[in-house]
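Q: Fit chain B to the known structure of chain A by using the hints.
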Amino acid sequence: MNPTPIYKQLAVALTVSIMVSGACQPRAQQESDASDEGAAAYGLRGSLYPAALAKPEFVLTDTQGQPFDFRRETNGYVTLLYFGYTHCPDVCPIQMATLGAVIRQLPPDIQERIKVVFVTTDPARDTPERLKAWLHNFDDAFIGLTGDTAVTNAAQRALLLPLPQVGPTDSTGGYEVGHAAAVVAFTPDDSAHVRYPFGVRQADWAHDLPQLVEMQWSDR
Amino acid sequence: MVRSLILAGVFAVAACGSPPQRGPTISVADAYAAEPVSSEVAAVYLTIENTGDQPDTLVSVETAIAAKVDLHRMAGMGASQMRAVHNAEIPAHGQLRLRPGGLHLMLMDLTTLPHAGDTIDLTLELRHAGTIPVRAPVLSYLEVGERAAVGSDQQRR
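Residue numbers (the numbering used here), protein chains in the order written: chain A, 13 to 232; chain B, 30 to 186.
With the rest of the complex left out, here is chain A (with noise of 0.2 Å):
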């Protein structure tokens, strides 16, 4: 089987049917378009986006208490985004856990040019000082971004992921939010490309970041 025409045509007819479609369409139904066998024809392991997403446009808080601008701060470098809050029973600390480990065992000159950038949906409850705290379970050079959530949710939008929803109180005042699993990565050229969805092994990781750093992306 010859994939690359075929995906090439897939891809074609994914982007024009989110193009028409856009905003109507559930935005679990749209993350769900990106695809394995699209990364696997570049060698990666995540899942491919049928097109190509810009990196956000967005200022929030950092966990210095200051005003933080994605784009600008992180122009250049792969950067792993990822939406979740820090009471997440599981998925969040798993992700966080997992490229913590993974990005620490990289040669330093790949290091250095990763950033991991976690933007809390729980801003509520996720002060600038307990997310410093809780990344620092996982690695303190993890940048960690709370603030209004109308900003948080344009970018989640932006890039087709499911919106944030947050559940009922429990008998012991706490609550979850409902949240995307994936970590979505964008390479040097300040576009995403792939995704990883929750469940990927730090053997994946460990593959493809060094790729990541170098990609091209010459055909999309």
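In case anyone wonders, no lab produced these hints; they're calculated from the structure. Because the structure is a prediction, the values reported are computed rather than measured. Any given hint could turn out to be false.
In silico SDA-like links for lysine to any residue, alpha-carbon gap of 25 Å or less [what the hints assert, rightly or not]:
id: 1; chain 1: A; residue 1: 127; chain 2: A; residue 2: 76
id: 2; chain 1: A; residue 1: 144; chain 2: B; residue 2: 152
id: 3; chain 1: B; residue 1: 97; chain 2: A; residue 2: 142
id: 4; chain 1: A; residue 1: 127; chain 2: B; residue 2: 171
id: 5; chain 1: A; residue 1: 144; chain 2: B; residue 2: 69
id: 6; chain 1: A; residue 1: 127; chain 2: A; residue 2: 71
id: 7; chain 1: A; residue 1: 127; chain 2: B; residue 2: 172
id: 8; chain 1: A; residue 1: 144; chain 2: B; residue 2: 150
id: 9; chain 1: A; residue 1: 144; chain 2: B; residue 2: 137
id: 10; chain 1: A; residue 1: 144; chain 2: A; residue 2: 74
id: 11; chain 1: A; residue 1: 127; chain 2: A; residue 2: 159
id: 12; chain 1: A; residue 1: 144; chain 2: B; residue 2: 138
id: 13; chain 1: B; residue 1: 97; chain 2: A; residue 2: 136
id: 14; chain 1: A; residue 1: 127; chain 2: A; residue 2: 65
id: 15; chain 1: A; residue 1: 127; chain 2: A; residue 2: 155
id: 16; chain 1: A; residue 1: 144; chain 2: B; residue 2: 168
id: 17; chain 1: B; residue 1: 97; chain 2: B; residue 2: 156
id: 18; chain 1: A; residue 1: 127; chain 2: A; residue 2: 161
id: 19; chain 1: A; residue 1: 127; chain 2: A; residue 2: 144
id: 20; chain 1: A; residue 1: 127; chain 2: A; residue 2: 55
id: 21; chain 1: B; residue 1: 97; chain 2: A; residue 2: 178
id: 22; chain 1: A; residue 1: 127; chain 2: A; residue 2: 175
id: 23; chain 1: B; residue 1: 97; chain 2: B; residue 2: 139
id: 24; chain 1: B; residue 1: 97; chain 2: A; residue 2: 185
id: 25; chain 1: B; residue 1: 97; chain 2: B; residue 2: 150
id: 26; chain 1: B; residue 1: 97; chain 2: A; residue 2: 181
id: 27; chain 1: A; residue 1: 127; chain 2: A; residue 2: 112
id: 28; chain 1: A; residue 1: 127; chain 2: B; residue 2: 169
id: 29; chain 1: B; residue 1: 97; chain 2: B; residue 2: 56
id: 30; chain 1: A; residue 1: 144; chain 2: B; residue 2: 67
id: 31; chain 1: B; residue 1: 97; chain 2: A; residue 2: 155
id: 32; chain 1: A; residue 1: 127; chain 2: A; residue 2: 181
Between beta-carbon pairs, the in silico distance windows are [claimed, not checked]:
id: 33; chain 1: B; residue 1: 154; chain 2: A; residue 2: 79; range: 47 to 55 Å
id: 34; chain 1: A; residue 1: 226; chain 2: B; residue 2: 154; range: 54 to 62 Å
id: 35; chain 1: A; residue 1: 116; chain 2: B; residue 2: 58; range: 29 to 37 Å
id: 36; chain 1: B; residue 1: 156; chain 2: A; residue 2: 161; range: 36 to 44 Å
id: 37; chain 1: A; residue 1: 182; chain 2: B; residue 2: 156; range: 40 to 48 Å
id: 38; chain 1: B; residue 1: 156; chain 2: A; residue 2: 83; range: 51 to 59 Å
id: 39; chain 1: A; residue 1: 144; chain 2: B; residue 2: 140; range: 23 to 31 Å
id: 40; chain 1: A; residue 1: 77; chain 2: B; residue 2: 96; range: 49 to 57 Å
Heads up, the beta-carbon is just placed ideally off N, CA and C, and yes, glycines get one too.
A: The following block gives chain B in isolation, referenced to the frame of chain A:
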């Protein structure tokens, strides 16, 4: 490593029916917990196996180290939208499998903070099989993540 545990009061129900059917026969295996990063929440996973001819239901879970335990399910494509699950059924000749990114026991308001290498003792209450003690070893998120990857492999590819 202690992986499986269990069995208590399992045959209590078996005698209830005179037909040759066997009631639910329950065992619990592959219990483990993710090392919590704060005292607010911890996730526990396990598989409840029913080799009997009738279904059973997980009614509640208790542990000395948490004020409350809920069963939660992630729903939605690629999204972790969590919903509380009440009275989860373990079908006859079937299983109820809890795993990262899917069904999980959510321990809330922990009184002690377990670390990787510790164990957490829980008591499951099933409608027919009664109470079942379970001991879950605590794993790092890194270890839990690798298990999640194995579990999700068939879904993903």
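Q: Against each hint, give a clear statement of whether it holds in the structure.
A: Structure-based check of all given hints:
no.	hint	verdict
1	127(A) to 76(A)	holds, 17 Å
2	144(A) to 152(B)	violated, 35 Å
3	97(B) to 142(A)	holds, 23 Å
4	127(A) to 171(B)	holds, 20 Å
5	144(A) to 69(B)	holds, 17 Å
6	127(A) to 71(A)	holds, 16 Å
7	127(A) to 172(B)	holds, 23 Å
8	144(A) to 150(B)	violated, 31 Å
9	144(A) to 137(B)	holds, 22 Å
10	144(A) to 74(A)	holds, 9 Å
11	127(A) to 159(A)	holds, 19 Å
12	144(A) to 138(B)	holds, 21 Å
13	97(B) to 136(A)	holds, 22 Å
14	127(A) to 65(A)	holds, 18 Å
15	127(A) to 155(A)	holds, 8 Å
16	144(A) to 168(B)	holds, 23 Å
17	97(B) to 156(B)	holds, 19 Å
18	127(A) to 161(A)	holds, 22 Å
19	127(A) to 144(A)	holds, 15 Å
20	127(A) to 55(A)	holds, 22 Å
21	97(B) to 178(A)	holds, 20 Å
22	127(A) to 175(A)	holds, 23 Å
23	97(B) to 139(B)	holds, 8 Å
24	97(B) to 185(A)	holds, 11 Å
25	97(B) to 150(B)	holds, 14 Å
26	97(B) to 181(A)	holds, 13 Å
27	127(A) to 112(A)	holds, 11 Å
28	127(A) to 169(B)	holds, 23 Å
29	97(B) to 56(B)	holds, 23 Å
30	144(A) to 67(B)	holds, 13 Å
31	97(B) to 155(A)	violated, 32 Å
32	127(A) to 181(A)	violated, 34 Å
33	154(B) to 79(A): 47 to 55 Å	holds, 51 Å
34	226(A) to 154(B): 54 to 62 Å	holds, 55 Å
35	116(A) to 58(B): 29 to 37 Å	holds, 33 Å
36	156(B) to 161(A): 36 to 44 Å	holds, 41 Å
37	182(A) to 156(B): 40 to 48 Å	violated, 23 Å
38	156(B) to 83(A): 51 to 59 Å	holds, 55 Å
39	144(A) to 140(B): 23 to 31 Å	holds, 25 Å
40	77(A) to 96(B): 49 to 57 Å	violated, 32 Å
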